[in-house]
Structure formats: structure tokens, C-alpha cells
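The numbers in my numbering rise by one with no breaks, and the one at position 19 of the sequence shown is 19.
To be clear, the hints were calculated from the coordinates, so they are not data collected in a lab.
All residues carry an ideal CB built from backbone N, CA and C; glycine is no exception.
Treat the hints with caution; some may be incorrect.
Said to hold, decoys possible - Here are the computed lysine to aspartate or glutamate pairs in the DMTMM-like style, where the Cα-Cα straight-line distance is at most 25 Å:
(1) 144 - 101
(2) 144 - 98
(3) 144 - 177
(4) 144 - 108
(5) 144 - 128
Unchecked claim - Listed next, with one range per pair, are the computed distances between beta-carbon atoms:
(6) 228 - 111: 22 to 30 Å
(7) 46 - 193: 34 to 42 Å
(8) 162 - 46: 33 to 41 Å
(9) 155 - 132: 17 to 25 Å
(10) 128 - 181: 22 to 30 Å
(11) 241 - 158: 29 to 37 Å
(12) 237 - 29: 15 to 23 Å
(13) 158 - 81: 36 to 44 Å
(14) 46 - 217: 28 to 36 Å
(15) 242 - 157: 15 to 23 Å
(16) 241 - 177: 27 to 35 Å
(17) 155 - 117: 28 to 36 Å
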Amino acid sequence: MEEPEHAQAGVTASSASYAVAFAPVAEIESGRVFAYEALLRTREGAAVDAQTAGMDDQALGGLQARFRLAAVRSAASHGFVASGARLILNLPLELVADPFEELRPVIDAAHACGIVPRRLVMRVQRPERHSSSRLADLLDAHAKHGCATLYGPFHGGDDEFQRLTRLPPDFVEIDPEQTRGLASSWARRIQVENLTRRIAGASHGARLIAGGIDSEADALKLRGFGFRYIAGEIVGAPALGGLPASLLAESASEADSFRSDAV
Numbered sequence: 001m002e003e004p005e006h007a008q009a010g011v012t013a014s015s016a017s018y019a020v021a022f023a024p025v026a027e028i029e030s031g032r033v034f035a036y037e038a039l040l041r042t043r044e045g046a047a048v049d050a051q052t053a054g055m056d057d058q059a060l061g062g063l064q065a066r067f068r069l070a071a072v073r074s075a076a077s078h079g080f081v082a083s084g085a086r087l088i089l090n091l092p093l094e095l096v097a098d099p100f101e102e103l104r105p106v107i108d109a110a111h112a113c114g115i116v117p118r119r120l121v122m123r124v125q126r127p128e129r130h131s132s133s134r135l136a137d138l139l140d141a142h143a144k145h146g147c148a149t150l151y152g153p154f155h156g157g158d159d160e161f162q163r164l165t166r167l168p169p170d171f172v173e174i175d176p177e178q179t180r181g182l183a184s185s186w187a188r189r190i191q192v193e194n195l196t197r198r199i200a201g202a203s204h205g206a207r208l209i210a211g212g213i214d215s216e217a218d219a220l221k222l223r224g225f226g227f228r229y230i231a232g233e234i235v236g237a238p239a240l241g242g243l244p245a246s247l248l249a250e251s252a253s254e255a256d257s258f259r260s261d262a263v
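Turn these sequences into a full structure, and let the hints steer you where they fit.
So this is what it looks like as C-alpha cells:
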């Protein structure tokens, strides 16, 4: 596996090449980058579903483990340490035998790169698919290593809320299909407002993230509903070979400059 930029992994008899992309997540209020999410991509920046479809759990788990290490080292090589941002990494629980041991190499790599563990955020997809004891072991491993937990994408089902209440994470990312186009749909605004209230009550203060946001109007509505962070076209597309700046921050800076010139 090539690090930090690229990863090599066998798929059946052939081998496929992968790359690390970073997607910015920004604070709505300031526009500044809050986190970078590391994404497994092809060298051309495309999704890897076709390449990984034929891999068994062992091979896929190995690829994901190497990818997490590559992501940490790649982020560090592109100035992550000085950025002040967090790094979101995917940790598929169904591919992990021992969460604590699975995270150990990532934490060691982060320390070696000068990244403190509290800046790492581990994404858990579909937590309701796992038993409470299994999920509890995972969150305990996160806590012992000093990193944070993110549930998402969150759809608002009863099983999801049960996990959220009993085993609350630090962050919850709402399913983009529920938040996209919010400003133009009264019904969707009501739905999201009710959903965020339920999450606030169940999660003991988990911070909210909305992905797939492509308009300032949607961002402003989400801020009014208690969301602190957003991702999507309005913030910036995933980028290979670097940590992309926040377009939202650039827009805020241009607006401040315009107001200063007007005065």
C-alpha cells in the first residue's frame, strides 16, 4: 500500500489502486473548516463501490484499516496538524473484531504525526444494525483512546433513537436526503425541526452535522434549527492530494470585505 497518498489492495486475482480524498466540513457561523472527512476513492477521485464489490469481509476490513492509516499520514503531510480541524474516519463495525485493538494502529500513527487523539472522529454508520453490547464496546474503545464518535447518516427511525438514547455519540449527521432543499420545502422544514428536537432530547447534547448542502438559504435554516456544521457543495467538494479550503469561509470573507469597502 502506498502511503500517504495511495493504497494498493488485491481484488480477486488483480489489484486495484485507491486514493485518499478529503471533504471539508465547516462551521455554519464562521464558515471555517471544522473537520475533514477522509474518503476512500479511486486515483481518479471516483467512488470505489465497483472495485470493492467482490471483496470478502476480511479483504475489505484490511483495506479499510490500511486506508485509515493512510488518511492520518496523508492529512498530516498536507498541514493538518496546524489546521486546528478534526479528522473524520470511517470505522465499519461489522468489519472489526476488536474495536480497541483495531484503533490502536490509528492512534499510534496519529501520535507519530503529532495529531492528538481528541482530533479524531470515528464515523459509525447504521448503529441500529448492531447490538447494544457491541456498540457499547465500540464507544468504550473510542473513549479509552480519546477520540470522538459520530453516528450517521441518521434517518430518524425508532431503532436509531433507541441507540442514540442509550449510547449517545458526540456528533450526529442527518441523512442528506432530509436536509437538502430545506429552504424551499415547508414540509421538510417541519420534519427536520421535529427531528432535531428529538435528537437533542435523546442524545444528551450531541452536535449536529448536515451533509449535502448546496445553498446558503439551506445553511441559514439549519443554523436556526441548531445545526453547527455542514458539508456539501457550498463548503467544497472532496479533493485528492490536499486539504481543501472552505468555500463558505471565502464567501464570508468576501462579504466582510464588501461591507468594509461600503463603509
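Comparing the hints with the structure gives:
For the hint pairing residue 144 with residue 101, the CA-to-CA distance comes to about 11 Å; that is within 25 Å, so the pair holds. For a cut-off of 25 Å, the pair hint linking residue 144 to residue 98 stands: about 13 Å separates their Cα positions. Taking the CA atoms of residue 144 and residue 177, the gap is near 34 Å; set against the 25 Å cutoff, the hint is violated. Restraint check for residue 144 and residue 108: the C-alpha separation of about 14 Å stays at or below 25 Å, so the hint holds.
Restraint check for residue 144 and residue 128: the C-alpha separation of about 22 Å stays at or below 25 Å, so the hint holds. Separation of residue 228 from residue 111 is about 28 Å and conforms to the stated range, judged on CB atoms against 22 to 30 Å. The beta-carbon spacing between residue 46 and residue 193, approximately 36 Å, falls within the hinted interval of 34 to 42 Å. Checking the proposed 33 to 41 Å range against residue 162 and residue 46 shows it holds: the Cβ atoms sit about 36 Å from each other.
Checked against the hint of 17 to 25 Å, the C-beta distance between residue 155 and residue 132 comes to roughly 19 Å, which is consistent with it. A hinted range of 22 to 30 Å for the beta carbons of residue 128 and residue 181 is consistent with their spacing of about 26 Å. Checked against the hint of 29 to 37 Å, the C-beta distance between residue 241 and residue 158 comes to roughly 42 Å, which is inconsistent with it. The hint said 15 to 23 Å for the Cβ distance between residue 237 and residue 29, and at roughly 22 Å that hint holds.
For residue 158 and residue 81, the Cβ-Cβ distance of about 41 Å falls inside the hinted range of 36 to 44 Å, so the restraint holds. Here the CB-CB span from residue 46 to residue 217 is close to 30 Å, well matched to the stated 28 to 36 Å. For the pair residue 242 and residue 157, the beta carbons lie near 37 Å from each other, so the given range of 15 to 23 Å is not met. Taking 27 to 35 Å as the suggested C-beta distance range, the pair residue 241 and residue 177 conforms, at roughly 30 Å.
For residue 155 and residue 117, the Cβ-Cβ distance of about 29 Å falls inside the hinted range of 28 to 36 Å, so the restraint holds.
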